[in-house]
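**Student:** Here's the letter readout for the chains.
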Amino acid sequence: MAKPTQIQLSHGGGGREMAELIGKIFFDAFDNPILRREEDAAALNLSGQTAFTTDSFTVAPLFFQGGDIGKLAIAGTVNDLAMMGAEPQYLSCGFIIEEGFEIDKLKTIVSSMAKELEKSGAHIVCGDTKVVPKGCADGLFINTTGVGRIVRPGISVRAIQPGDAVILSRDIGRHGAAILTAREGLELESELTSDCATLWPVVQQLLAANIDIHAMRDATRGGIAAVLNEWTKAANVGIDVEEKLIPVCDEVRGVCELYGFEPWDLANEGTFVIALPKQAAEAAVEIMQRHGGCDSAAIIGTVSDEHAGKVVLHSPWGSKRYLELPQGELLPRIC
Amino acid sequence: MPELQLKQLYDGFRDPETINELARQIKQWASQLTEPVYMMEVCGGHTHTIMKYGLPQLLPDNIHFIHGPGCPVCIMPKERIDQAAALASIDDVILVTLGDMIRVPGSQGSLAQFRAKGCDIRPVYQPLDALKIAQENPTKTVIFFAIGFETSTPMTAVLLEQAEKLGLENLLFHINHVLVPPAIDAVMADQETKVNAFIGPSHVSVITGSKIYQPTVDKYHTPVVISGFEPVDVMQSILAIVKQKVEGRAELENQYQRAVTEQGNLVAQQKVDKFFEVRDSFRWRGLGPIPSSALKLLSEFAHRDAEIRFAARLPVKEIDDHKACQCGDILRGKANPKDCKVFGRGCTPQTPLGSCMVSSEGACNAYYRYAGVE
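If you read the sequences in order, they're chains A and B. Letter 239 of the first sequence, counting from 1, is numbered 239 in UniProt numbering, and no numbers are missing. Letter 38 of the second sequence, counting from 1, is numbered 38 in UniProt numbering, and no numbers are missing.
Treat the hints loosely; a few may be bogus.
[Unchecked claim] Capping the alpha-carbon separation at 25 Å, the derived lysine-lysine pairs in DSS-like fashion look like this:
| hint | chain 1 | residue 1 | chain 2 | residue 2 |
| --- | --- | --- | --- | --- |
| 1 | B | LYS338 | A | LYS320 |
| 2 | A | LYS233 | A | LYS105 |
| 3 | A | LYS244 | A | LYS278 |
| 4 | B | LYS52 | A | LYS233 |
| 5 | B | LYS117 | B | LYS271 |
| 6 | A | LYS310 | B | LYS338 |
| 7 | A | LYS233 | A | LYS310 |
| 8 | B | LYS27 | A | LYS310 |
| 9 | A | LYS320 | A | LYS278 |
| 10 | B | LYS27 | A | LYS320 |
| 11 | B | LYS194 | B | LYS27 |
| 12 | B | LYS117 | B | LYS140 |
| 13 | A | LYS107 | A | LYS119 |
| 14 | B | LYS52 | A | LYS310 |
| 15 | B | LYS219 | B | LYS334 |
| 16 | B | LYS194 | B | LYS341 |
| 17 | A | LYS320 | B | LYS52 |
| 18 | A | LYS233 | B | LYS338 |
| 19 | B | LYS117 | A | LYS134 |
| 20 | B | LYS338 | B | LYS323 |
| 21 | A | LYS134 | B | LYS341 |
| 22 | A | LYS134 | B | LYS27 |
| 23 | B | LYS243 | B | LYS27 |
| 24 | A | LYS310 | A | LYS244 |
| 25 | A | LYS244 | B | LYS211 |
| 26 | A | LYS278 | A | LYS107 |
| 27 | B | LYS243 | B | LYS211 |
[Stated by the list, open to error] A few chain B residues facing chain A, derived, Cβ under 8 Å:
| hint | residue |
| --- | --- |
| 28 | TYR10 |
| 29 | LEU58 |
| 30 | PHE301 |
| 31 | GLN350 |
| 32 | TYR370 |
Source of the hints: derived by calculation from the structure; they are not laboratory data. Every value quoted in this text rests on a predicted model; they were computed, and no experiment measured them. C-beta atoms are modelled at their ideal positions from N, C-alpha and C, and glycine is treated no differently.
With the sequences and hints as input, model every part of the structure.
**Tutor:** Structure below.
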């Protein structure tokens, strides 16, 4: 009998089919000694302060320009660790697969996960697979949890101080715009790629150069508008940003123009923001610009003790306004 | 020839030097005004531009903006949302509508809340998406909840034309298309109105032509300047209005000449005329019933009219806004969003009491998002 090309409910049943799926697809791609032990739980050697995070990925479409849900699931969790100054070490990985999902697509996604893992050196050491009946999930959901060794303790939103400079690592809004253009219904032709990337290598460079980082955060859902607003509220400070210093590529701007969005509200998956003492800012930007993917890194603003809890966006012609948190679903303007 | 980049299309319209020079000229002319200018930007898109780009901060104190009724979401009365919700609640119905509409509160909740309860409600990016949904769901009835001013009516007409051509019987329409000129008349009919100039909605004029505002100029002796949506467009239009006021003129001017002609898009106008006729009256949120201010399907397309097909199931009770909500006064230009007692407190974009707070084009939403930096 020919091997099934689609996921069957039996692939999640705990029997032979499940063992084959896990052995042939997951273990081959994520191969490492801890995983191969196949115990109920991974036994890890952790030392010192450890960062621990989890995230679930439910993106539609699963494949987009510049990545797929697998790359996203690894980069997303690894980046959450990196933003705490932690070296990503061990990840868990849970798959919820809809019955009928093509096995070839699953292989592509898993291989993209394995490739992304290499960039941080982290390993998947445990996992879980569930198959749900057709209609109960949108193709594939992935959950990843990660732990990492904190290399530089004290990087925290609470360390942000008035006078700090705010650095943006690269141009914004690419992931949100790439997903939008790939969505059925928009049918936009575009060369735009998501910024989806693992950030640990660049963070490692900054830490190695002993840059005094107060806070770091990757600007995922809600874009930089969300990060900056969260910072102002958590640290009880104000942040002033200059619109003309925020890099936005033409295609992202085009999507925003067409649909009435603003680039600071759009999601990113490989872009981060740093708050650090003003005197350290230029050295940090220089290191980032030398590193791949961050050539447009720039100082975009300053932390202040005015307008506590608010982000103020300064226009190139001298007016200013609050940069609010994005609201609700991203829906296009009507006319 | 090198390919034209998108950036080239808007960069000049957001050029800081041009904006600052226009601000300087406006100030110079405005110093000669004998009375303040209260200009109504009828269109929510202009409200959005004015607030988003912080234009009032560049202008002298004798220039005031009044935010008019030109946002299709803001002016939708609750009973029409209730009708949409009632349609969506019928078994095997898929309700399709545009953007922000799903967040507007009806008396029983918003369409987003009805969607969460299990109704099949789909926001789309363009009306023609409804065609595909109808084709892919032949056993269901797809109802397009059509909204918008003269700008978006032709797109509904094209959708209807396609449905007819393909003989797609499961695509119906609930028509809520409204017209700008009667709304302007309703605003000006108020004896207390301060409005003495208009920034004209240019996307409407792309379809209808600039000619539709000539009666406004003649009847009320107010300048009307049809304006584009970029900050330079709006600043140039403000300058034109101030000049007219200083020189004692009241004329129709077309700042948006790159897209608007006197006659407009005749093909689009023909398509609208082919499928629609003017309703006797339509109730606007905040403004009440306005005669001849909206469209309905021509009787020969009654087979596609959800208002007729499902008449028995549609609630017709007229429902006013929350007592504390001043959307009506704001749409009439009698109040500013910040005058409203619930603005930013009981009424926020997350928990809107009135529709001006829901839509990204609404005056309250624009004030909430962009204004307030001291």
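**Student:** State for each hint whether it applies.
**Tutor:** Tested hints:
no., hint, result
1, B/LYS338 to A/LYS320, "holds (18 Å)"
2, A/LYS233 to A/LYS105, "violated (42 Å)"
3, A/LYS244 to A/LYS278, "holds (19 Å)"
4, B/LYS52 to A/LYS233, "holds (23 Å)"
5, B/LYS117 to B/LYS271, "violated (37 Å)"
6, A/LYS310 to B/LYS338, "holds (19 Å)"
7, A/LYS233 to A/LYS310, "holds (7 Å)"
8, B/LYS27 to A/LYS310, "violated (31 Å)"
9, A/LYS320 to A/LYS278, "holds (22 Å)"
10, B/LYS27 to A/LYS320, "holds (19 Å)"
11, B/LYS194 to B/LYS27, "holds (21 Å)"
12, B/LYS117 to B/LYS140, "holds (19 Å)"
13, A/LYS107 to A/LYS119, "holds (19 Å)"
14, B/LYS52 to A/LYS310, "holds (16 Å)"
15, B/LYS219 to B/LYS334, "holds (21 Å)"
16, B/LYS194 to B/LYS341, "holds (21 Å)"
17, A/LYS320 to B/LYS52, "holds (9 Å)"
18, A/LYS233 to B/LYS338, "holds (24 Å)"
19, B/LYS117 to A/LYS134, "holds (21 Å)"
20, B/LYS338 to B/LYS323, "holds (16 Å)"
21, A/LYS134 to B/LYS341, "violated (50 Å)"
22, A/LYS134 to B/LYS27, "violated (65 Å)"
23, B/LYS243 to B/LYS27, "holds (11 Å)"
24, A/LYS310 to A/LYS244, "holds (19 Å)"
25, A/LYS244 to B/LYS211, "violated (39 Å)"
26, A/LYS278 to A/LYS107, "violated (46 Å)"
27, B/LYS243 to B/LYS211, "holds (21 Å)"
28, TYR10, "holds (7 Å)"
29, LEU58, "holds (6 Å)"
30, PHE301, "violated (23 Å)"
31, GLN350, "holds (7 Å)"
32, TYR370, "holds (4 Å)"
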